[in-house]
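Participant: This is what each chain is made of:
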Amino acid sequence: MSVVTLSQIQFAVTTIYHFFFVPLTLGLAVLVAIMETMYVRTNNEMYKRMTQFWGKLFLINFAMGVVTGIVQEFQFGMNWSEYSRFVGDIFGAPLAIEALLAFFLESTFLGFWVFSWERVSRRLHLAAIWLVAIGSSLSALWILIANSFMQQPVGFAIENGRAVMTSFLALIQNANVWVQFPHVIFSGFTTAAFFVMGISAYHLLRGKPEVFKRSFQIAAVFGSFSILMVILIGHSQAQHMVQTQPMKMAAAEALWETSDPASLSIFTITDQKTGKNTIDIRIPKVLSLLSYNRLSGEVRGMTDLQAEFEQKYGAGNYIPSVFINYWSFRIMVGVGFLMAAIAAYALYNVLRNKPDGKFKFLNLFPFFIILPYLSNSTGWILTEMGRQPWVVYGLLKTEDAFSPNLTPGMVLTSLIGFTLVYGLLLVADVYLLARYAKAGVESAPQIAKRTTDEEAYWE
Amino acid sequence: MELNVLWFILIAVLYIGYFVLEGFDFGVGILLPFLGKTDLKRRVMINTIGPHWDGNEVWLLTAGGATFAAFPQWYATLFSGFYLPLFLMLMALIVRGVAFEFRGKDDNPRWRALWDGCIFFGSLVPALLWGVAFTNFIKGVPIDANMMYTGGFWNLLNPFALLGGVVSVLAFTLHGAIFLTLKTDEEISTPARAIANRLWLPLMLALLAYTVVLYLTTDVINRLGWNPGVVPIFTVIAFLVTGWFLRQKRDGWSFVVMAASIALAVITIFRILFPTVLVSSTDPAFSLTIYNSSSSDYTLSVMSTIALIFVPIVLAYQGWTYWVFRKRVKSNPQDLHY
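Quick note, the sequences are listed as chains S and E, same order. Counting in the working numbering, the first sequence runs from 283 upward without gaps. Counting in the working numbering, the second sequence runs from 637 upward without gaps.
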């Protein structure tokens, strides 16, 4: 295999893996902060136990997010040096700002939060977890500002074959950021809500209500709102995609011919070589409806776009893998709607407020934890694979972006190394999460008032 | 001041922050098998750096991001060129970070021994590789006219670079030992002080050897001149004074002066490099400098505004957390998070 293919696989492995942990961090930080806020406001010890129980799971997950994030900071230079040279003037800025504004904030205050229970005033301790939550969301914002440049380059000029920033404001105001960022943030919130509902359900079924009944309630409300936002914003995002990256939408819908009104695929099998669909079941007009909120409107097909791109950028294959885009789009959306239904059902039962917190199908909720992970991963696969063959849309192709000094052997070494270590760490991580999730609140030793001679500095 | 120079200084500042701070937590990790003879002692040691190691590591991430933003060519050439050593360092940092969080979550001795091993090697390998890397920056590596690294893996592990690695391992271990004298009770702080005293002389000898090789094999004499200026001289003085304070058992001062020694050593290295960032051993004309590897003036000015606002804020709140956790970590299992 070539350096570029191996590097692509490595980027996919390390990034998808990193994004197993990030969404839960984004959402659970906020949920834990909400729980601790309740503790501080009500002075009810149950909320303290709740905060510490979910806080512990948060930490196990956070550690994985942090260490896999280190690789992200360096691998653009390692495997994609030509990309780094081409976009460094623009892409490096949000990355550096992310580290300076977000990473410092979340890591410093998380360390503070963990070690300062009963050492500092409750309000100060609470402020720390909110700063962690703000830090992680800021981190998402800046990395998505960087990614949005790859999807929809703005605020730049090409000088001496390199992209040069002409407007920092344009970079931040990139329309793509403001559909992508809320979509990702609320996906993170949804992930955490399903995580909390799933583990709470496990304990409710074993008759430990109190803390878990309340946790479930909080997560059901939080999750219902979040998944609704994910879907609504996702809809705007798809409309934005029709305008800015029509090829990605065409591939996701296996739409070869430009049509008006355009039909939505129900089930399609494509032969990418011949550019035809062998099986194609579609609902007329619906793709136009989704794209423009009316029953007509042109959605461009791949054949047409290919011809246009050849004229504009020269000969080449501009059609991404239809199979990958089509199915990742369908899994993401399908699972998204399934989660919306589940969240609504959970909310309905929370509102009925049974004393023991139990209801029908509660036993399925632990399995539902997997659902947001499916949507999160397929969402990114669509975003990144649908942009191929471009790494920066319309400006730089992936095949021109890799590090020319590398040999396949070197990349293979690191790919195997990362995959092995990541695999082993995942086993350890899931083991610990399961162990602490099952253990419940009682077994976790309460953090007592310090017994040593330290004073509490801020009380 | 020219923005290119400002960013060169800012990146130097980020590396100073990184080595001064993560330096001692690498040291604590390296000393774990030597000073932590019981599980409780190991826990105390890990808890001394518990609230800080992650925040310390962000200095490196920020240095990486800042290099990308301000000097993309440096970022691209360096990280693609030093591919395998960097890969090793990343692996080490990954298992190390996870180990801190995971080791205490199960009391099976084999589980803990596994993560203790990860903490030890995860601290030792980066401590070594940083010395190797910075020596190669000064010594020069094969880079062609297109700013592409043309050497292999073993080019980077040359004897001089490995000597640099020995220096950095000794320095960080000493720094960590001094940190432990400040942050632990007698049962750890006394042996930690003894180790610090024993490490000081070997570090001085290694530094002396390093300086001799540096002057003999590189063009550093042309770059610094016969009079190297105050910074390198103060670096030497600071290292000597550290030894003196150690013998006086003035732990607080030892730590301050050791931190200053590391900071001054980093300044010396950047002073030697300036205005080059990566020396080409193929042809000096191919070297990467702060001028031919930088971003546009516009990007640099945007980033300067942001950095000048936020770096002081970060320093303030990170410094404040060190103040909050300034007490010694007691050997009281109930109070230990990790």
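Hints in this document: simulated from the structure, not taken from any laboratory. In this text, a Cβ means the ideal position worked out from N, Cα and C, and glycines have one as well. Among the hints, a few may not be true.
Claimed, not checked - Sample of chain S residues with no beta-carbon within 10 Å of chain E, all distances over it, derived:
1. Val348
2. Ile379
3. Gln499
4. Leu644
5. Pro686
What the hints assert, rightly or not - Only pairs whose alpha carbons sit at most 35 Å apart, straight line, appear in this in silico DSBU-like list of lysine-lysine:
6. E:Lys885 to S:Lys330
7. S:Lys594 to S:Lys490
8. S:Lys495 to E:Lys677
9. E:Lys775 to S:Lys338
10. S:Lys636 to S:Lys720
11. E:Lys741 to S:Lys720
12. E:Lys885 to S:Lys720
13. E:Lys741 to S:Lys640
14. E:Lys963 to S:Lys490
As the list claims (entries may be wrong) - Between beta-carbon pairs, the in silico distance windows are:
15. S:Ala457 to E:Ile945: 19 to 29 Å
16. E:Ile945 to S:Asp542: 45 to 55 Å
17. S:Phe507 to E:Tyr953: 48 to 58 Å
18. E:Ser937 to S:Thr540: 25 to 35 Å
19. E:Leu951 to S:Glu539: 31 to 41 Å
Participant: Decide, hint by hint, whether the structure agrees.
Facilitator: Hints, verified against the model:
Listed as a non-interface residue, S:Val348 fails to keep its Cβ farther than 10 Å from every Cβ of chain E; the least gap is roughly 6 Å. A cut-off of 10 Å between C-beta atoms contradicts the statement that S:Ile379 is not in contact with chain E; the least separation is 6 Å. The Cβ of S:Gln499 lies farther than 10 Å from every Cβ of chain E, with a closest approach of about 28 Å, so its non-interface assignment holds. Distance check for S:Leu644 against chain E: the nearest CB is about 28 Å away, which clears 10 Å, and the non-interface claim stands.
Chain E draws S:Pro686 into its interface by the beta-carbon criterion, the shortest separation being 6 Å against a cut-off of 10 Å. Distance hint between E:Lys885 and S:Lys330 is unfulfilled; the C-alpha atoms sit about 43 Å from each other, more than 35 Å. The hinted pair formed by S:Lys594 and S:Lys490 fails the criterion: a straight-line CA distance of about 64 Å is larger than 35 Å. Using a Cα cut-off of 35 Å, the hinted pair S:Lys495 and E:Lys677 is violated, with the two alpha carbons roughly 40 Å apart.
Under the criterion of a C-alpha separation no larger than 35 Å, the hint pairing E:Lys775 with S:Lys338 is inconsistent with the structure, at around 47 Å. For the proposed pair S:Lys636 and S:Lys720, the alpha carbon gap of about 23 Å is at most 35 Å, so the pair holds. Only pairs whose Cα atoms come within 35 Å are accepted, and E:Lys741 paired with S:Lys720 is accepted, the gap being roughly 14 Å. With a C-alpha separation of about 49 Å, the suggested pairing of E:Lys885 with S:Lys720 is violated against the 35 Å cut-off.
Among the hinted pairs, E:Lys741 with S:Lys640 is consistent with the structure: their alpha-carbon atoms are about 30 Å apart, no more than 35 Å. Our distance criterion of 35 Å between C-alpha atoms is broken by E:Lys963 and S:Lys490, whose separation comes to about 39 Å. Judged by the Cβ atoms, the range 19 to 29 Å given for S:Ala457 and E:Ile945 holds: they are separated by roughly 27 Å. Our hint of 45 to 55 Å for E:Ile945 and S:Asp542 holds, since their Cβ atoms are close to 50 Å apart.
Under the hint 48 to 58 Å, the C-beta atoms of S:Phe507 and E:Tyr953, about 32 Å apart, miss the expected range. E:Ser937 and S:Thr540 have their C-beta atoms about 45 Å apart, which leaves the hinted 25 to 35 Å range violated. Between E:Leu951 and S:Glu539, the C-beta spacing of about 60 Å breaks the proposed range 31 to 41 Å.
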